[in-house]
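Protein chains: 2
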Amino acid sequence: MSMSFKELMKVLGLGAVAFVLGVEWLNWLKRRLRDSHGPLKEVLFFPSPQVCVEHLFIHHKHFPCACPLPHGVETSFSRLLVHLLSARMSLDLCVFSFSHMELSRAILLLHKRGVVVRVVTDRDYMTITGSQIGALRKAGICVRHEMSSAVHMHHKFALVDGRKLITGSLNWTLTAVQSNKENVMVTEEPELVGPYQKEFQKLWEANDPANHKPQCTNGQLNIKTCKDR
Amino acid sequence: MSMSFKELMKVLGLGAVAFVLGVEWLNWLKRRLRDSHGPLKEVLFFPSPQVCVEHLFIHHKHFPCACPLPHGVETSFSRLLVHLLSARMSLDLCVFSFSHMELSRAILLLHKRGVVVRVVTDRDYMTITGSQIGALRKAGICVRHEMSSAVHMHHKFALVDGRKLITGSLNWTLTAVQSNKENVMVTEEPELVGPYQKEFQKLWEANDPANHKPQCTNGQLNIKTCKDR
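Top line first, the protein sequences correspond to chains A and B.
Position 192 of the first sequence, counting from 1, maps to 192 under UniProt numbering, and the rest follow consecutively.
Position 97 of the second sequence, counting from 1, maps to 97 under UniProt numbering, and the rest follow consecutively.
In isolation and in its complexed conformation, chain A is listed as follows (with noise of 0.2 Å):
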């Protein structure tokens, strides 16, 4: 049973246009599918449980990490660094108490990246033993503290390119981490990602120290504006 070119050519043709309209009709099935779940919902609960997350700061190692950490494993933590570290353009960043180590290695790797940062943070809180806001300023990262002593900036948010909304009850420390009954929302949802990118906006204005009185200590003006950090 032979066939003639012109019959292999027909066969072929419709096979493609068979082929084509699959894909695009799996392609469109997807959309629907990504559509109907809506934006990104992830919720985490912590303690997390200490695992290595080191492969989430270097990407093309030749070894593997032989720290004596669990490799490999997924948590909420690790979860909330990739969230993190998935910022290209920007990250706004309102958080009360900031002394984790690794969180603060991930602000400064996507400073290091280009990623612009900005922070408001707890006039109290950011002074503190272990507290990584200072090595954040130094760094070159943008700072804001909330002016008034008589207020505490309470908030544990992230906005991410403007776009991604990390929020809940986890302060940026070990002990919130490892430790506590904590929890943390990620959401697309323009929603609610708009009302936190608001707020971000009026605290770091709000808190903008040329729009303060300038503290004479020393006969010297105290002020220092976003660009001494």
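Be careful, since some hints might not be right.
The list treats identical chains as one, so a pair stands whether inside a single copy or across any two.
[As the list claims (entries may be wrong)] Think about it this way: if two alpha-carbon atoms lie no more than 20 Å apart in a straight line, the pair counts; the simulated EDC-like pairs of lysine to aspartate or glutamate are:
id, residue 1, residue 2
1, Lys202, Glu42
2, Lys41, Glu188
3, Lys198, Asp161
4, Lys30, Glu54
5, Lys138, Glu42
6, Lys41, Glu191
Just so you know, the hints here were simulated from the structure itself, not pulled from any lab data.
Let chain A serve as the given structure and place chain B on it in line with the hints.
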């Protein structure tokens, strides 16, 4: 120009059909608009200005409240109260610090209305000055606390009727409501409500006093079950 009885009935009949169809179409349009908007998503920021919230507790007052606070003003705090008081069946509350008198009043009112209230709180913070946990227990509300003394139950979330989630950075204290920079998110998004409901149940069961070793004090068993409050 007169109309026969038959013609009049025809016109009236057609009118009635058109009216019913119109109402149906409006309902369909309303449903479509609501569905396209998705489930409830509301974001509240604090501090919240002090206003009178008496009308939220007592609906059918003959005389309006005479307190000196502003009346008829909606604030973040009044919205939070509205959402809490919307509970008809159950309220599951996970809160680190609870000393706010009006939030306590709301919880007691729900309990009095027959709403099943369950509270999980922090072991250390439930006994601080001004804590409302004692008042809740006294009223017969079932309260459990984090069993481990080395760990903080740092959540601040509530689940209304198992379908509305209220979560954020806000502890249930006067300072948090009236002074601090805080956020609260209210949502009926099932993908977000579900994990929190599961977490509540997990914490509720994990902190059941019946599952923990009784502590012997002066020869007496110091075990407290849910029924003992």
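Now the hints, each set against the structure:
In this assembly of identical chains, Lys202 and Glu42 lie within 20 Å of each other by CA distance solely across copies; the values are 18 Å between and 26 Å within a copy. Taking CA atoms no more than 20 Å apart as the test, Lys41 paired with Glu188 passes in both settings, with 7 Å inside one copy and 13 Å between copies. In this homomeric assembly, Lys198 and Asp161 come within 20 Å of each other (Cα to Cα) only inside a single copy, at 14 Å, whereas the closest approach across copies is 30 Å. Taking the closest pair of Cα atoms, Lys30 and Glu54 never come within 20 Å of each other, the shortest separation being 33 Å inside a single copy and 51 Å across copies.
With identical chains, the CA atoms of Lys138 and Glu42 are never at most 20 Å apart, being 33 Å at best within one copy and 38 Å at best between copies. Taking CA atoms no more than 20 Å apart as the test, Lys41 paired with Glu191 passes in both settings, with 12 Å inside one copy and 7 Å between copies.
Of the numbered hints stated above, those contradicted by the structure are hints 4, 5, listed in ascending order.
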